[in-house]
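Peer 1: Fit chain U to the given chain E structure using the hints.
One line per chain: the protein sequences are E and U, in this order.
One rule links them: number in this note's numbering = place in the first sequence (from 1) + 5.
One rule links them: number in this note's numbering = place in the second sequence (from 1) + 5.
Any given hint could turn out to be false.
Where chains are identical, the list cannot tell them apart; a pair therefore holds if satisfied intra-copy or between any two copies.
[To be verified] In the DSBU-like style, the derived pairs of lysine-lysine whose C-alpha atoms are separated by at most 35 Å in a straight line are:
#1 K341 - K242
#2 K27 - K341
#3 K305 - K258
#4 K43 - K121
#5 K258 - K242
#6 K91 - K181
#7 K84 - K181
These are calculated hints, taken from the structure and not from any lab test.
Remember, predicted model here, so these are calculated numbers, not experimental data.
Protein chains: 2
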Amino acid sequence: MIQVAILGFGTVGSGVLEVLQKNAAQVTRRAGEQVRVKYILDIRDFSGHPNADLFVNSIDPILEDPEVTTVVETIGGTKPAYYYVKSALEAGKNVCTSNKELVATHGAELLSIAVKQGVCFLFEASVGGGTPVITPLHQCLAANVVSSVCGIVNGTTNFMLTRMEYDGMSFEEALKVAQGLGYAETIDPSADVDGIDACRKISILASMIFGSEVHPENVPTRGIREITIDDIYFTKKMKLAVKLIAYARRSEKGGFACGVEPMVLPVESMMASVSDVYNAVLVQGDMLGDVMFYGKGAGKLPTASAVVADIIDAAKLGSSIHDSLFWRPTAPLKGKITDVDSYTYYVRVNNLDVETLKEDLGGVVLTLQHQNQTAVLTLPMSAREMEKRKEKLKKDGIHLATALRMLEV
Amino acid sequence: MIQVAILGFGTVGSGVLEVLQKNAAQVTRRAGEQVRVKYILDIRDFSGHPNADLFVNSIDPILEDPEVTTVVETIGGTKPAYYYVKSALEAGKNVCTSNKELVATHGAELLSIAVKQGVCFLFEASVGGGTPVITPLHQCLAANVVSSVCGIVNGTTNFMLTRMEYDGMSFEEALKVAQGLGYAETIDPSADVDGIDACRKISILASMIFGSEVHPENVPTRGIREITIDDIYFTKKMKLAVKLIAYARRSEKGGFACGVEPMVLPVESMMASVSDVYNAVLVQGDMLGDVMFYGKGAGKLPTASAVVADIIDAAKLGSSIHDSLFWRPTAPLKGKITDVDSYTYYVRVNNLDVETLKEDLGGVVLTLQHQNQTAVLTLPMSAREMEKRKEKLKKDGIHLATALRMLEV
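Pulled out of the complex, with its shape left as it was, chain E reads as follows:
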């Protein structure tokens, strides 16, 4: 029997208990033995809960109980999650977590503790919620040098962009609907709409594929606040979709690039078909070519089911998994990672002077006008060149309202 402690009985934590109870037969078959929740750590009062006897309000009995081999961390944030997880690993217990902030911030250190202790530190649910990404990337692409990972890793913003595209909502309207449905935080939705959540997730994937720590604070991150209904209007006419893309890849010119930003992509591409709260991650391996993983990015049971899959893997794989699933700790860079590659840009300006626009942007390949605005696609250029061209436009009295790079997948 595998005995488990759940830390934090919120949405995902209670989901883990639910999955283990509802699919007990399935889980037992997969794990080869029964999986039982022995403790639930939560400081809130659950005295009326059917499993009230499992609740404890201190980590100590869990750390001291040798029968508990696996600890599930679903508290979120880094305090006290980091301390609890570190203590559990040091006490020789496997840890399975859904906490992207924890993994993005302290992953390298926690993985090295796991290696030293001969236990597992697994985090499938931290990226993509229910979308399997970490395990396939690590296991199925084991024979590949991965050159690129990119995709939609935040369900809330993808839901909002879908509503803006399909229902003609503004950013503010889409945000209200997302908040009403519980997808976005009511008080401060910035973790989602400003790309912070996506930044943490891509930092984890980037660390995995590069094998050394990528710090979230070094990842250039833009959210979707700048996207207006005008952009949706123009991009639709251009047969493009706007998606919040997180990417990490070995750059064509050496080095690597990593970032989070709204990008445009051809509507006929697979990635453009990913709508609502779904996530999708496209991986490029040198042997395998393109592979994509698609699924629900969040939600109680999808995320919990990913945590339970990790509990089973921890039991079966043991610490041998960390021969390869780890990344080296590195000091943070000064400033942001820069992307030197060239991209086509979608550019919108509040101006109808196409000639000046063309000249300042160094030529355009498609021009659309609507009301008082012009939208164009540029020739490929680097981010640095775009900055210079923006200055030129400014000098000519043209305000660049939106500039989005095109993802060609």
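Peer 2: Positioned in the frame of chain E, the structure of chain U alone reads:
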């Protein structure tokens, strides 16, 4: 060091050697030790090959060498592959294969030998080539009861349908192009175009999710020979795509359904966006909801890279994987598995008499006419009801040219 023997040095077998040589560093990191090819079994003459010293023309030295822990079978077909694989398992060696015919036909028996011997029998590359399906289905959905698996599992027919849809080719023209590119067999392309390959693959996936053997001969299988440019014309107008779909699912009315047939699906669906030689498998888990895996369905290096991932898994997982990755042997059914659920049908007839068509089909929801033909979408009905309605049409002198069910995903 993991010492490996490759049986069959054709496209995939030589690809396995290539992947192991090219990505040696990556593979060693993932496996935790070096992977070395000690023998290659092939009866052809490879005396000029740079690795000529590895070639043997009998299985015996491989079976007798205790240093060889893993055997890769990439011969294809069941003779002599079945005998070799069985002997290797019985000699206590892990087997990793890309051979769908072998797995679909003898999987249950070979898995039970593997369990008894405490070794691995792995076959990721047998379904989807380079598209990871088996491992994610088994591992990432471990906490789920899987209700349905469906998708595009034959790259050749998907390539042909893409050419018919995008380039207006006929079936015959598309087949010629596919043959010219080496995607379809020149002498007898029926394994692909008649759905035999897809049938083997879905038999494997169905056996996995139901936990008991599904025999290919019980799976109703239709290929794409019946699809004409008229069907492509009408379905495009209806904003539908035609795809060869393989499916296995627990039926709404109890029991299960499994089959291979060309189906229509809305162009905006993810599955409709899968073009050319790509494969995609959509899995529905009771906790996880929809998950999709997408990648190249075939090709030397993608398939070989999937085999190498299995070699690494065999080394790391050991036989504990077969606590859950197995299916019970069962006797074949008499006749075909029947699908009792109701579907909307796309129907094309060589006739313009819409009134009779409507009456015989019990009402339609969309009607298009072009030249001498009519295409409609019906109300949902079972396959059995469709057979009756076909008879009615026949009595009224209307020949039903095509009837395709609609996949709603």
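Peer 1: Decide, hint by hint, whether the structure agrees.
Peer 2: Hints and how they fare:
For the homomeric pair K341 and K242, the shortest alpha-carbon distance inside one copy (34 Å) is at most 35 Å, but the shortest distance between copies (48 Å) is not. For the homomeric pair K27 and K341, the shortest alpha-carbon distance between copies (33 Å) is at most 35 Å, but the shortest distance inside one copy (45 Å) is not. In this homomeric assembly, K305 and K258 come within 35 Å of each other (Cα to Cα) only across copies, at 28 Å, whereas the closest approach inside a single copy is 42 Å. Proximity of K43 to K121 under the C-alpha cut-off of 35 Å is found in both arrangements, the shortest distances being 26 Å within a copy and 33 Å between copies.
Proximity of K258 to K242 under the C-alpha cut-off of 35 Å is restricted to the intra-copy arrangement: shortest distance 33 Å within a copy versus 44 Å between copies. Taking the shortest Cα distances, K91 and K181 never come within 35 Å of each other, neither inside one copy (38 Å) nor across copies (61 Å). For the homomeric pair K84 and K181, the shortest alpha-carbon distance inside one copy (29 Å) is at most 35 Å, but the shortest distance between copies (63 Å) is not.
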